[in-house]
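Student: Numbering of the sequence shown is given in our numbering, commencing with residue 1 and proceeding in unit increments.
None of these hints come from the bench; they were simulated from the model.
Glycine residues also receive a C-beta, built at the ideal position from the N, C-alpha and C atoms.
Treat each hint with caution, since some may be false.
Unchecked claim - Restraint ranges, calculated between C-beta atoms of paired labels, are given here:
#: 1; residue 1: N104; residue 2: Q57; range: 28 to 34 Å
#: 2; residue 1: R126; residue 2: G95; range: 27 to 33 Å
#: 3; residue 1: H58; residue 2: K24; range: 31 to 37 Å
To be verified - Cross-link-like lysine to aspartate or glutamate pairs, in silico, DMTMM-like; alpha carbons within 20 Å at most:
#: 4; residue 1: K67; residue 2: D117
#: 5; residue 1: K34; residue 2: E52
#: 6; residue 1: K67; residue 2: D39
#: 7; residue 1: K24; residue 2: D61
#: 8; residue 1: K67; residue 2: E97
#: 9; residue 1: K79; residue 2: E100
#: 10; residue 1: K79; residue 2: D19
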Amino acid sequence: MRVIGIDPGLRNLGWGIVDVAGSKLTHVANGVCKSTGADLAQRLLSLHVQLEQVIRQHRPDTSAVEKTFVNKDGVGTLKLGQARGICLLVPAQAGLEVAEYAPNTVKKVVVGVGHADKRQVEHMVRLQLPGVVPTGPDAADALAIALCHAHHAQFSGRLDAAIARAGGAK
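My request is simple: use the sequences and hints to build the entire structure.
Tutor: So this is what it looks like as structure tokens:
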């Protein structure tokens, strides 16, 4: 299974891709889509085009996006929400399922604590994906989102198999 994790941002949209084979996780690629354009519509379009290219090039099987948190700046939150819409739309247009995870969930799965800082997240991403060099903090966060989804998918697969075995034993 190939997973793309996406860290929404209006200026810098991070993405990271991992392959999952049983319990083995392998880094495929990571990067940052940087918005360009004079107005919000052009910036969102540039993110859409770039993320579409990433998905077309790497052909993930599923996707995961970090949920937006609400902060004190309502205008900033709204703009981030619009960028997040691109992060949900592009994978859906490619026919991918889109899972969503709260930032604290991602940190808890990857680091072990829900209030880890960015340095701790990047450190644990590097430990779980030996040799990886994130192209920046947004890409490291996106890889953490992909790892979180990979761990959830592995657990879900084992749970589904156990339920099937239990149902078959009746």
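Student: Quickly compare the C-alpha distance for K67 and D39 to 20 Å and report which way the hint goes.
Tutor: 24 Å, violated
Student: Between K79 and D19, does the CA-CA distance stay at or below 20 Å?
Tutor: 31 Å, violated
Student: Against the 20 Å threshold, does the CA-CA distance of K79 and E100 hold or violate the hint?
Tutor: 18 Å, holds
Student: Could one say that the CB atoms of H58 and K24 fall in the range 31 to 37 Å?
Tutor: 18 Å, violated
Student: Taking the beta carbons of R126 and G95, is their distance inside 27 to 33 Å?
Tutor: 32 Å, holds
Student: Does the alpha-carbon distance linking K24 and D61 stay inside the 20 Å limit?
Tutor: OK: K24 and D61 at ~16 Å, within 20 Å.
Student: When you check the alpha-carbon spacing of K67 and D117, does it fall within 20 Å?
Tutor: Answer holds: K67 to D117 is near 17 Å, not above 20 Å.
Student: Does E52 sit within 20 Å of K34, going by the straight-line distance between their CA atoms?
Tutor: 13 Å, holds
Student: Does E97 sit within 20 Å of K67, going by the straight-line distance between their CA atoms?
Tutor: 15 Å, holds
Student: N104 and Q57, beta-carbon distance inside 28 to 34 Å?
Tutor: 31 Å, holds
Comparing the model with each numbered hint stated earlier shows that hints 3, 6, 10 do not hold.
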